[in-house]
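Using the sequences provided together with the hints, build the complete structure.
There are 2 protein chains.
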Amino acid sequence: MSKLSIDEQLEIIQSGTEQIVPLDDLRRKLERAERAGQPLRVKLGVDPTAPDLHLGHAVTLRKLRQFQDCGHLVVLIIGDFTARIGDPSGRNSTRPPLSEADIEANAQTYIDQAFKILDPDKCELRRNSEWLASLNFADILSVTSKFTVAQIIERDDFDKRLKEQKPISLHELLYPVAQAYDSVAIKSDVEIGGTDQLFNLLAGRKLMEKSDIEPQVCLTLPLLVGTDGVQKMSKSYGNYVGLTDEPNDMFGKLMSVPDDLMLSYFRLATAATLAEIASIEDGLNDGSAHPGQMKRKLARDITALYYGQAAAKDAEAAFDRVFKERAMPVDIPEEAIDWQSASNDEGKIYLPALMAKLKLANSAGEARRLVDGGGVKLDGVPLAARVYELEPEALQDVVLQVGKRKFVRLV
Amino acid sequence: MSKLSIDEQLEIIQSGTEQIVPLDDLRRKLERAERAGQPLRVKLGVDPTAPDLHLGHAVTLRKLRQFQDCGHLVVLIIGDFTARIGDPSGRNSTRPPLSEADIEANAQTYIDQAFKILDPDKCELRRNSEWLASLNFADILSVTSKFTVAQIIERDDFDKRLKEQKPISLHELLYPVAQAYDSVAIKSDVEIGGTDQLFNLLAGRKLMEKSDIEPQVCLTLPLLVGTDGVQKMSKSYGNYVGLTDEPNDMFGKLMSVPDDLMLSYFRLATAATLAEIASIEDGLNDGSAHPGQMKRKLARDITALYYGQAAAKDAEAAFDRVFKERAMPVDIPEEAIDWQSASNDEGKIYLPALMAKLKLANSAGEARRLVDGGGVKLDGVPLAARVYELEPEALQDVVLQVGKRKFVRLV
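Sequences listed follow chains A and B, in order. Numbering follows my numbering, in which position 142 of the first sequence is assigned residue number 142; successive positions increment by one, without gaps. Numbering follows my numbering, in which position 5 of the second sequence is assigned residue number 5; successive positions increment by one, without gaps.
Simulated from the structure, these hints should not be mistaken for laboratory data. Ideal placement from N, C-alpha and C gives every residue a C-beta, glycine not left out. Check the hints yourself; a few may be wrong.
[As the list claims (entries may be wrong)] Straight-line alpha carbon distances no greater than 25 Å define the calculated DMTMM-like cross-link-like pairs of lysine to aspartate or glutamate that follow:
(1) B:Lys160 to A:Glu164
(2) B:Lys29 to B:Asp52
(3) B:Lys163 to A:Asp249
(4) B:Lys160 to A:Asp157
(5) B:Lys160 to A:Asp331
(6) A:Lys163 to B:Asp156
(7) B:Lys163 to A:Glu154
(8) B:Lys166 to A:Glu100
(9) A:Lys163 to B:Asp159
(10) B:Lys163 to A:Asp156
(11) A:Lys166 to B:Glu164
(12) A:Lys166 to B:Glu154
[Claimed, not checked] Simulated DEER-style distance windows between Cβ atoms:
(13) B:Ala150 to A:Asp212: 32 to 42 Å
(14) A:Lys235 to B:Glu154: 47 to 57 Å
(15) A:Lys235 to B:Ala150: 28 to 38 Å
(16) B:Ala150 to A:Gly238: 28 to 38 Å
(17) A:Lys166 to B:Glu18: 28 to 38 Å
(18) B:Glu18 to A:Glu124: 56 to 66 Å
(19) B:Ala150 to A:Thr109: 37 to 47 Å
(20) B:Glu154 to A:Ala36: 44 to 54 Å
(21) A:Ala185 to B:Pro22: 44 to 54 Å
(22) A:Lys163 to B:Glu18: 30 to 40 Å
(23) A:Thr109 to B:Glu154: 36 to 46 Å
(24) B:Ser15 to A:Ala185: 49 to 59 Å
Right, here's the structure in full:
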């Protein structure tokens, strides 16, 4: 078991959490684990979709890693059962049933990324079809009898839909119950999730209590705000730092995090101890630490977590070349252009189409907007708005820069 | 198939019903049955408790018998599945799980009484565990996805409890779904029940539609008011006429039905045709029929339904002796009393205890109340209130009468 004392473990586990319900139970469980030499079972349930994991997911995964570092076992549950069924009402066409092969592939994608953070040797991987698929009607009556209708529909989204008189399919009420049953099946000591998961985690605790199983402790983590400083980090908001982003991209994106979120990122996304974070906070407050230097440390620390110190140092150097010194990076890729065929009838180059072709923009339309916004430079000089057609000579052997970080030498 | 025309069948089936939803479907089904030479499947679901069936149950059973007489098949479903489970919440101690043997015995008790009315040769007997026990979680998600939460909780009793903030266990929402699934499983053409069952019958219809099965017609029957003229007939209100009541009891209880319920009883509890009932109604309205004579006919007709004309005639004669002529019946049973041991220290008989022992009252307390109310007579003379202790000589070879119909000669 852990070489850390109970107090040391508690300090690590508590750091950066939103709620631990109830904290006393966690201490008792840690003490018992220590006495019995039996690690705690720490549950995380994940949907078997194929996500690009980002720093938002990492908040949870890093907390799990801390449990592992304290000697405990992570039980990662792939929610394959409901994914295999899809939405039986057929209403939600965006949620078709997934095949077993899809689910396995998605699970593997998740695991590959998660194991950048988790220790595979202290991880038990389960699929909830193992126990949910074989439940029969009598079992389900027994499990559902342990909840009242009011308890389930008080969940935020149900409550909202009922008040708006939007239909809720009866089977939807069974999903939180199924998730709670997962905790009964694997006898979790702790379940962790985002603050928006507290209802579901507590349902698991409640069902365990009613099933005469030692109930799990529910641990929630704050939702990480995205690099835009507004929304929670999410792929769909485009405000995320992916765990598989290249080091230079990761470093660059982190340098764009608003100053007032820096401490939150230190708390949730780095390995900094509570003492280190307190010292950074003090420094920022009394002016002894420079915000720019601190953000640089943040970007370096997080990049180093995923790629090591050397890569983080290189990324910082690359960033400095591009952003700090306003010079261009040393290793700009070259693109050989067939100038003849790229020209129009008048012998001119339509730049937006070329940018789209070179994947410097998603479409010619986006490329035009980038030009109009001053985001396109030729050898460091921004193009004026609505300048789309250029002589080939104006482009040949020129560095085309799009946004802050995309560079191509046209040859 | 039936020798009756569709219109004749419809007239019989419609008589005395509360609602047929939808009537057009019933006609279409009857026509198809006729064409295909295939009887309709008419469902009744019953709880496997051990009931004393009474005229209230008979309203439904007689309607089923009419379907049989039109050539159709009754599918009687014993709800053994939920009975085997009991109330899994454990809240309802009055509903413990029943053993298979209990359920079979109860089912047999029900069937024995029901077959006083139903034709066993046109009855398919099923148990809903046949299909419900083997449903798995995926099946249940599929079935429940066909209902919205709002549809289920609009049921009267759920709605009421929600408004009163009384807890509803989540599993209770699954029972109407299970009952609806019974219709899918046996592919019923018609389901019948009391007016209070309309919600459940319609749920069956809806689930069949959503399962691409020809939906059942829902037929409801009015609830028979008990002999007290106030509550619906029920064993727990003590206002019932049991199907196994002795002919004299049956006749006597029916003579106590309030005048204004007579037509309802003719409609729901006798074999009288619509024309006969119309004629009785006219007679009562224009004064050409005497209410007392009509009630006598009602009592005779119903008693004859269960025991034949001869027994009904005897019961009427017995009634006349007791009630009309105010004389005592001819065949009073004798009870041999051990006067010595029945006496107390003072050599007196404590009558309430004796009455309880002879089952003339449920308890000595009830016996005292009967005495106080003037309901206990010795040789036709009512005892005064609070006269409980009597000399043995005052009781020996005396007719002890309790209420209107209980007589014992003490010897």
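Hints versus structure:
| no. | hint | result |
| --- | --- | --- |
| 1 | B:Lys160 to A:Glu164 | holds, 20 Å |
| 2 | B:Lys29 to B:Asp52 | violated, 34 Å |
| 3 | B:Lys163 to A:Asp249 | violated, 56 Å |
| 4 | B:Lys160 to A:Asp157 | holds, 23 Å |
| 5 | B:Lys160 to A:Asp331 | violated, 74 Å |
| 6 | A:Lys163 to B:Asp156 | holds, 20 Å |
| 7 | B:Lys163 to A:Glu154 | holds, 15 Å |
| 8 | B:Lys166 to A:Glu100 | violated, 43 Å |
| 9 | A:Lys163 to B:Asp159 | holds, 15 Å |
| 10 | B:Lys163 to A:Asp156 | holds, 20 Å |
| 11 | A:Lys166 to B:Glu164 | holds, 23 Å |
| 12 | A:Lys166 to B:Glu154 | holds, 15 Å |
| 13 | B:Ala150 to A:Asp212: 32 to 42 Å | holds, 34 Å |
| 14 | A:Lys235 to B:Glu154: 47 to 57 Å | violated, 40 Å |
| 15 | A:Lys235 to B:Ala150: 28 to 38 Å | holds, 34 Å |
| 16 | B:Ala150 to A:Gly238: 28 to 38 Å | holds, 37 Å |
| 17 | A:Lys166 to B:Glu18: 28 to 38 Å | holds, 34 Å |
| 18 | B:Glu18 to A:Glu124: 56 to 66 Å | holds, 59 Å |
| 19 | B:Ala150 to A:Thr109: 37 to 47 Å | holds, 38 Å |
| 20 | B:Glu154 to A:Ala36: 44 to 54 Å | holds, 52 Å |
| 21 | A:Ala185 to B:Pro22: 44 to 54 Å | holds, 46 Å |
| 22 | A:Lys163 to B:Glu18: 30 to 40 Å | holds, 35 Å |
| 23 | A:Thr109 to B:Glu154: 36 to 46 Å | holds, 44 Å |
| 24 | B:Ser15 to A:Ala185: 49 to 59 Å | holds, 56 Å |
Comparing the model with each numbered hint stated earlier shows that hints 2, 3, 5, 8, 14 do not hold.
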